[in-house]
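Okay, here's what each chain looks like letter by letter:
Protein chains: 2
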Amino acid sequence: MKKFLNNVDHMLVESLSGFATAHSDLVEVQFDPTFVARKQKPKNKVALISGGGSGHEPLHAGYVGKGMLDAACPGQVFTSPTPDQMLAAAEAVHAGMGVLFIVKNYAGDVMNFEMATEMLPFEHATVLTSDDCAVVNSTYTTGRRGVAGTVIVEKCVGSLAETGADLASCKALGDKINVRTSSIGAALTSCTVPAAGRPTFDISDSELEMGVGIHGEPGRRRETMREADAIVADMVAAIVHDMEAKQLPTQGDILLLVNGLGATPLMELYLIYNSAAQRLTEKGFRIARSLVGNYTTAIDMAGASLTVCLLDAEITQHWDSPVHTAGLRWGC
Amino acid sequence: MKKFLNNVDHMLVESLSGFATAHSDLVEVQFDPTFVARKQKPKNKVALISGGGSGHEPLHAGYVGKGMLDAACPGQVFTSPTPDQMLAAAEAVHAGMGVLFIVKNYAGDVMNFEMATEMLPFEHATVLTSDDCAVVNSTYTTGRRGVAGTVIVEKCVGSLAETGADLASCKALGDKINVRTSSIGAALTSCTVPAAGRPTFDISDSELEMGVGIHGEPGRRRETMREADAIVADMVAAIVHDMEAKQLPTQGDILLLVNGLGATPLMELYLIYNSAAQRLTEKGFRIARSLVGNYTTAIDMAGASLTVCLLDAEITQHWDSPVHTAGLRWGC
Chain A
1 MKKFLNNVDH MLVESLSGFA TAHSDLVEVQ FDPTFVARKQ KPKNKVALIS
51 GGGSGHEPLH AGYVGKGMLD AACPGQVFTS PTPDQMLAAA EAVHAGMGVL
101 FIVKNYAGDV MNFEMATEML PFEHATVLTS DDCAVVNSTY TTGRRGVAGT
151 VIVEKCVGSL AETGADLASC KALGDKINVR TSSIGAALTS CTVPAAGRPT
201 FDISDSELEM GVGIHGEPGR RRETMREADA IVADMVAAIV HDMEAKQLPT
251 QGDILLLVNG LGATPLMELY LIYNSAAQRL TEKGFRIARS LVGNYTTAID
301 MAGASLTVCL LDAEITQHWD SPVHTAGLRW GC
Chain B
1 MKKFLNNVDH MLVESLSGFA TAHSDLVEVQ FDPTFVARKQ KPKNKVALIS
51 GGGSGHEPLH AGYVGKGMLD AACPGQVFTS PTPDQMLAAA EAVHAGMGVL
101 FIVKNYAGDV MNFEMATEML PFEHATVLTS DDCAVVNSTY TTGRRGVAGT
151 VIVEKCVGSL AETGADLASC KALGDKINVR TSSIGAALTS CTVPAAGRPT
201 FDISDSELEM GVGIHGEPGR RRETMREADA IVADMVAAIV HDMEAKQLPT
251 QGDILLLVNG LGATPLMELY LIYNSAAQRL TEKGFRIARS LVGNYTTAID
301 MAGASLTVCL LDAEITQHWD SPVHTAGLRW GC
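Chains A and B, in that order, give the protein sequences.
With my numbering, the residue at position 251 of the first sequence is 251, and numbering never jumps.
With my numbering, the residue at position 293 of the second sequence is 293, and numbering never jumps.
Note that these hints are calculated values from the structure, not bench results.
Quick caveat, the model's predicted, so the values are computed rather than measured.
The reader is advised that the hints may include incorrect statements.
[What the hints assert, rightly or not] Each computed DSBU-like pair below joins lysine-lysine, with the alpha-carbon atoms no more than 30 angstroms apart:
id, chain 1, residue 1, chain 2, residue 2
1, B, Lys-3, A, Lys-283
2, B, Lys-66, A, Lys-2
3, A, Lys-39, B, Lys-283
4, B, Lys-66, A, Lys-283
5, A, Lys-66, B, Lys-66
6, A, Lys-66, B, Lys-39
7, A, Lys-3, B, Lys-3
8, A, Lys-171, A, Lys-41
9, B, Lys-43, B, Lys-176
10, B, Lys-246, B, Lys-283
11, B, Lys-176, A, Lys-3
12, B, Lys-66, A, Lys-39
13, B, Lys-3, A, Lys-2
14, A, Lys-283, B, Lys-176
15, A, Lys-2, B, Lys-2
16, B, Lys-283, A, Lys-3
Go ahead and model the full structure; you've got the sequences and the hints to work with.
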């Protein structure tokens, strides 16, 4: 394992300290219990809190700021944060209108966020994201996994919360976006968890893992490596099939997110985008919004995921609204 | 070699097509000769054009847009664009006040941009960037190499050009920033040029290349892999030594850019930032502005570079001004 680190046990603290210094205009980081919160605490809004294992940066700490999250609770790499982190974050950012947790559907995260809510003295609700259509049930999950579609939920619910909308409305928008969003990933290499020191799985030079999870969990199948168009065609087909299964229209305006898993060059991500956009357009979709880059990573995995969110006027409006975070910024 | 591609010969066209579709609000791409230009052509300003081999994305096409470049000329991977690309770009974006080329100092780029200027019917000037303090003369360079500091030149000169400043003023600002900027990179792995199909250089699991170039050119030395703090200490020392050699003050406000070379997780980049910021602060600098992420890459290289730009009021003002490109965006 070759990584820029000093001591595996201090990696998260050192990285978060760097994050806090680099973005000291935006965020503050607290340790023990550890959470990242907005520097300027807004008033009279639902407090949005997310979190999960580290290693998916910029998710979630990179999405703390105006128009998106109020706080993020980072666990150790690929390890759920603990309930005391979530409680401390909620105490710090609660602004009188309740707390909405946005949680990716992994058993450890779900359990710990549930434990936190049981102790929470504020009104609260949870949006559980489960956009990954690759598999039902997985190494760390009962039910579908939450992956890059979580970014769209955080962005749009963040925008709605900023308007002073109530907790029920924020939860309803998050749940709606989750239903209208499907993702699937493909890995060319494994990732290496620093504490493990070796790749999570073995994969040969002639294979890819179709439907891989963002922790390196197995996907649908191990396939022979093929040209990008063939890989993307299968990914688009899986997403369209999922939308049909959810009885969503398979036409209309969509947001297309091509997400790098950590080690995939932008040049390849745009090539994937080109292929996916052609296929989705042929199927009758209009690519109304696009996002291409590393937004939900799996440490140093070479791979990419596609996410399609079926837009409506409400989602589009909240996607377009100003956001100022380390990981996503426009309009301010 | 495992990459998302269909045919090595079509990779650039497919990737640029995806880029153009994903950012159709911002840019237009022309092929044969190939260049990326702003969709809305501004009037009465110096036209800023950059370019170079592909594989460094988001540099340079990702910096075309309001407040930054008017056009970018992408060559094949790690291959200079040709003079006809630069001439076609200049014809397309010239807005009556001359053309400023921003060129990283590599022999092929310098030669081809010079050939273009000889045929150019407009007033023109060139800013040659050479911020890499690792080595003097290199595989593809006579003199110092231009690397991630080029982003700072493009951002700030782009801002000045937007105000209607004349060609001489734009060139002067670019030259000033180049003098006040020092960079050095370190590689943990090689990159793989798609057309070559194998890593550019061999490096063992216990080594790093200190001072690596963004094409995988040799740096200062092959070193034993060490902890991040020790690597960063050497990089900071090299930069401070370079600033002293250039008779720049080694105190005052700086912009610190921690740049990923393609395959390095954000978590590691922030850990590097933390280490570098501490060391630079101890030396008497104040980190007034920060940028952390993949801004000038070397395809899929695991590695990072540090860039320090000594700020003054003019540079800070132009760094902070609004920018709207695919790769850098704030204030709009």
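* Asked: Does the structure keep B/Lys-66 and A/Lys-2 at a Cα separation of 30 angstroms or less?
  -> It is violated: about 39 angstroms lies between the C-alpha atoms, which goes past 30 angstroms.
* Asked: Can the restraint linking B/Lys-176 and A/Lys-3 be considered satisfied, given a maximum Cα separation of 30 angstroms?
  -> The given pair, whose Cα atoms are some 35 angstroms apart, is violated under the 30 angstroms limit.
* **Distance restraint between B/Lys-3 and A/Lys-283, which requires alpha-carbon spacing of 30 angstroms or less** => Since the Cα atoms of B/Lys-3 and A/Lys-283 sit roughly 26 angstroms apart, the hinted pair holds (cutoff 30 angstroms).
* Asked: Straight-line Cα separation of A/Lys-171 and A/Lys-41 no greater than 30 angstroms?
  -> With a Cα-Cα distance of about 21 angstroms, the restraint between A/Lys-171 and A/Lys-41 holds, given a limit of 30 angstroms.
* **Proposed proximity, B/Lys-2 with A/Lys-2 (alpha carbon, max 30 angstroms)** => At roughly 20 angstroms apart (the allowed maximum being 30 angstroms), B/Lys-2 and A/Lys-2 satisfy the hint.
* Starting from A/Lys-283, check that the Cα of B/Lys-176 is at most 30 angstroms away, please. => Answer violated: A/Lys-283 to B/Lys-176 is near 52 angstroms, above 30 angstroms.
* To do: For the pair we were handed, B/Lys-283 and A/Lys-3, check the Cα-Cα distance against 30 angstroms.
  => holds (26 angstroms)
* Would you mind confirming whether the straight-line C-alpha gap from B/Lys-246 to B/Lys-283 stays at or under 30 angstroms? => Satisfied, since the Cα-Cα distance of roughly 17 angstroms is no more than 30 angstroms.
* Is the straight-line distance between the alpha-carbon of B/Lys-43 and that of B/Lys-176 30 angstroms or less? -> Holds: B/Lys-43 and B/Lys-176 sit about 26 angstroms apart, inside 30 angstroms.
* Asked: Going straight from one Cα to the other, do A/Lys-3 and B/Lys-3 come out at no more than 30 angstroms?
  -> Answer holds: A/Lys-3 to B/Lys-3 is near 22 angstroms, not above 30 angstroms.
* Asked: Is the hinted pair B/Lys-66 and A/Lys-283 satisfied, with a Cα-Cα distance of at most 30 angstroms?
  -> violated (34 angstroms)
* To do: Quickly compare the C-alpha distance for A/Lys-66 and B/Lys-39 to 30 angstroms and report which way the hint goes.
  => holds (29 angstroms)
The structure is inconsistent with the numbered hints 2, 4, 11 and 14, although it conforms to all the rest.
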